[in-house]
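A.B. asks: Sequence:
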Amino acid sequence: MSGGDLDGDTFWISNDPQLIFQTNEEPFDYHDQAVEAEKEAQMNMNKQLTIDDVCHFFVEYIEADNLGIVANTHMAFADQLDDGCKSEQCLKLA
Numbered sequence: 001m002s003g004g005d006l007d008g009d010t011f012w013i014s015n016d017p018q019l020i021f022q023t024n025e026e027p028f029d030y031h032d033q034a035v036e037a038e039k040e041a042q043m044n045m046n047k048q049l050t051i052d053d054v055c056h057f058f059v060e061y062i063e064a065d066n067l068g069i070v071a072n073t074h075m076a077f078a079d080q081l082d083d084g085c086k087s088e089q090c091l092k093l094a
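Counting in the numbering used here, the sequence shown runs from 1 upward without gaps.
Each hint can be trusted.
Using C-beta positions, here's what the derived DEER-type ranges look like:
#, residue 1, residue 2, range
1, Asn46, Val70, 32 to 38 Å
2, Lys39, Asp79, 32 to 38 Å
3, Asp53, Asp9, 36 to 42 Å
4, Asp16, Gly84, 17 to 23 Å
5, Val35, Ala76, 30 to 36 Å
6, Ile13, Cys90, 26 to 32 Å
7, Ile69, Tyr30, 18 to 24 Å
8, Ile13, Ala71, 23 to 29 Å
9, Asn46, Ile69, 35 to 41 Å
10, Pro17, Val70, 31 to 37 Å
Keep in mind that the hints were calculated from the coordinates and are not lab data.
Idealized CB from N, CA, C, for every residue including glycine.
Modelling step: build the complete structure from the supplied sequences, incorporating the hints.
C.D. replies: Take a look at the structure:
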């Protein structure tokens, strides 16, 4: 039930062996991104924010608010490949 927040989501439960995963995959390693984000946060720790900074952040956020579209497109792309989300192309995109 991963991703469910119980705000009206509908669940379907099955114990059909053909629908149950046989193995668990290790999570993707985002360590490098976390290190870079921490470095940037440390550099900006003592910076005095201005209203221009807030406006710039808001505009960037609105322009980049495409996570749902990107996730759905990535899943549709993976569904067309033999290795699915394990394919080299999908891993590069992730």
